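Chain residues, written in single-letter form:
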Amino acid sequence: AQSVTQLDSQVPVFEEAPVELRCNYSSSVSVYLFWYVQYPNQGLQLLLKYLSGSTLVKGINGFEAEFNKSQTSFHLRKPSVHISDTAEYFCAVTRTGTASKLTFGTGTRLQVTL
Amino acid sequence: DTGVSQDPRHKITKRGQNVTFRCDPISEHNRLYWYRQTLGQGPEFLTYFQNEAQLEKSRLLSDRFSAERPKGSFSTLEIQRTEQGDSAMYLCASSLAVGQGQDTQYFGPGTRLTVL
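Each protein sequence line maps, in turn, to chains A and B.
Per my numbering, the very first residue in the first sequence carries number 1; after that it's consecutive.
Per my numbering, the very first residue in the second sequence carries number 1001; after that it's consecutive.
Calculated directly from the structure, the hints in this document are not laboratory data.
Remember, it's a predicted structure, so these values are computed and weren't measured experimentally.
Glycine included, C-beta positions come from ideal geometry on N, C-alpha and C.
If a hint is listed, it holds; no wrong ones were tucked in.
One-sided excerpt, in silico: chain A residues whose CB lies under 8 Å from chain B:
id	residue
1	41
2	94
3	99
4	101
Here are the simulated SDA-like pairs of lysine to any residue, each with C-alpha atoms no more than 20 Å apart in a straight line:
id	chain 1	residue 1	chain 2	residue 2
5	B	1057	A	98
6	B	1011	A	40
7	A	58	B	1104
8	B	1057	A	100
9	A	49	B	1104
10	B	1057	A	1
11	B	1011	A	42
12	A	49	B	1097
13	B	1014	B	1062
Make a model of the complete structure from these sequences and hints.
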């Protein structure tokens, strides 16, 4: 089984500042990793994913994440946030090559203020 | 290319009533997933289908819950004898199956259920 830990339930940050949202996972098998964003009362939108290849992946809205197998981490970063980035961010994993269920973390609320 | 759609977006019901939700996946996607999300939590897996076959069910899916995908296209999730603990956002997602090189699930807007 897989599990995901998002240690920071809330991250407050000023506009134009950099941000890092942390994600650690546990799995006995190879996994694919995802970050999704959820705006209030909406579904989840894919930000980026790591399937294979380069460990640094770039996504939409200027976000990027780095897969670190030795530290079992997949932290999300943005060099300069905007007010519109205020949302809930979820890290998720699934077993490679199975296209089966996603296991999600509990989410991190990113609050961007002026 | 239309995304995943869900209907209704909101449902308010009284305890003990039955409710049914519908999900229409992205047209070429043969896998369809249901998740439940309670306030302040991440989505939790309920069940998934490949075409019309239900391949896995979570232990969260009690006998009051049933899901179908009769023709391998849209899916329905029914909750019988609703309880207040069923209040949650029910999310549907779809993807291509294994072997087609796509492992990304795309989510619909969700159905918010409130049980009074």
